[in-house]
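Once you've looked at the hints, dock chain D with the ligands against the given chain W.
Listed here are the chains, written in short residue letters.
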Amino acid sequence: MTTIAPEETAREAVFDATVAADERIEPRDWMPDAYRSTLVRQIAQHAHSEIIGMQPEANWITRAPSLRRKAILMAKVQDEAGHGLYLYSAAETLGTSRDELLDKLHSGRQKYSSIFNYPTLTWADVGAIGWLVDGAAITNQVPLCRCSYGPYARAMVRVCKEESFHQRQGYELLLTLSRGTDAQHAMAQDAVNRWWWPSLMMFGPPDDESAHSAQSMAWKIKRHSNDELRQRFVDICVPQAEALGLTLPDPDLTWNDERGHWEFGAIDWAEFREVLKGNGPCNEQRISRRRQAHEEGAWVREAAAAHAAKHGKASR
Amino acid sequence: MNITATPALPLGDDALILSHRLGEWAGHAPVLEEEVALANIALDLLGQARILLSLAGDEDELAYLREERQFRNLQLVEQPNGDFAHTIARQLYFSTYQELLFNHLAATDSELAPLAGKAVKEVAYHRDHAHQWTLRLGDGTDESRTRMQRAVDALWRYTGELFEPVEGLETVPWAALHDSWAARITSTLEQATLTVPEGPRHGAWTAGAGRQGLHTEPFGRMLAEMQHLHRSHPGATW
Ligand SMILES: [Fe+2]
Ligand SMILES: [Fe+2]
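Going down the list, the protein sequences come from chains W and D.
In terms of full-length UniProt numbering, the first sequence opens at residue 1 and continues consecutively.
In terms of full-length UniProt numbering, the second sequence opens at residue 1 and continues consecutively.
If you are wondering where the hints come from, they were derived from the structure by calculation, not from laboratory data.
Ideal Cβ placement from N, Cα and C applies to all residues, glycine included.
There could be a bad hint or two in this list.
[Stated by the list, open to error] One-sided excerpt, in silico: chain W residues whose CB lies under 8 angstroms from chain D:
| no. | residue |
| --- | --- |
| 1 | A183 |
| 2 | R289 |
| 3 | R291 |
| 4 | A293 |
Isolated chain W (complex conformation) (with noise of 0.2 angstroms):
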């Protein structure tokens, strides 16, 4: 359709209200397409990056080297699936299928975050990826909590109070490595070395580069720059790196007492792009991981269906 009907156009100040209102849109609510769209792909990539994520920290479960963290670490990869759960159908309340989604995670269409594509060498990864990963991601997600769409606000508190969890024992790990014998301090400092450039990279590319924030704070949907939240995630990071007994690999950190902040050194986003490209060290290993899941399980999929079809129930 090509011409704009009139009613159209008082549907469209009526979304323009809601927005500038600060009160949520929610799915019966007429919304522009953009907006829709805009929403399933950022909703999607949030949903892939949960089951993703399962991946790194679950290469670890079979060795967890206590019983006390091995169920620590079995729930957090738990509640990585539960929010996977709950972002897939917060899109499905735009009307599109977590099946559909699927399709294009594995198909390469949709992404999921970069960092993922980064390995878990040693038992300290856990807790670096707590800490700093889980971390950042409570960083770009809390304001999301007042994102403009309902279903998607309100995933977000539910996500984001499992995400604090997250962060603060994976920040005890690493305490306790940092305290531990000199072969576990070492193994603390190796995992904060590698992991903490690819964590600052998670806000994203620099605001200048940043193909789709304008339009997204307008309609509400992101309400912080990816370089304030970056900064905001520093700020956090370096006097809690201090109290672990461990430091960043920054020799740039320096407080900055006029701007009240600490300044960091150069992001090095060639990698950043390659890794997005799919040249990272475990692209092709995570990607290929949840496809063959996903065709393993295919035919237990089909087995339920086929059982629910026979006797009357749904499926899931």
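Just chain D with the ligands now, with coordinates in the frame of chain W:
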């Protein structure tokens, strides 16, 4: 290592080892809801294991520093995950057994009564989860039916051991538990349009062997993976 002689040890080993196997599913489950469900069961079992092993000694020493021959778990729970049907069959056999045993223990004055009483609810959920999936897979598609039948057949030989008397649990009516177990399993399998296996359930390696510390080949590899990090840092705190 100090190990107290208590039936909490073999029962704790069952929970520990099955929890570990279920943990191997993380990131591999056929559908997202099952990532959550399998992790739930694994976490419940790990919780049970920690309480039970603590009655026998230090939970981490027991889990990480014993040799294969010192583990007292059933051979059933150490069996590799196989496909989803094998995992479900293993869970159906085990959870049905555990529910019956815990229901019995909860009503006794055994030191295990408090744990058993608390765990019966979660174990009933585990059994129901396995029961529902047995129905879906057995009475689903031709492929799922074939796979489910193969799984219940393959694991059948490990079920005789479930009812071998456990040291310290002499008052448990094992024969009666077995009859109830067989009745329940038969009912689930029949409802799922599957055939109740008829293969042998007793023999040199299938009668109480796990409880005596005799395990199957995959178990050693499983322990190697589970214990490696802990053993690489003697005396460290995690
Ligand atoms: Fe998450
Ligand atoms: Fe998390």
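For each hint, the structure was consulted:
{"no.": "1", "hint": "A183", "result": "6 angstroms, holds"}
{"no.": "2", "hint": "R289", "result": "7 angstroms, holds"}
{"no.": "3", "hint": "R291", "result": "12 angstroms, violated"}
{"no.": "4", "hint": "A293", "result": "5 angstroms, holds"}
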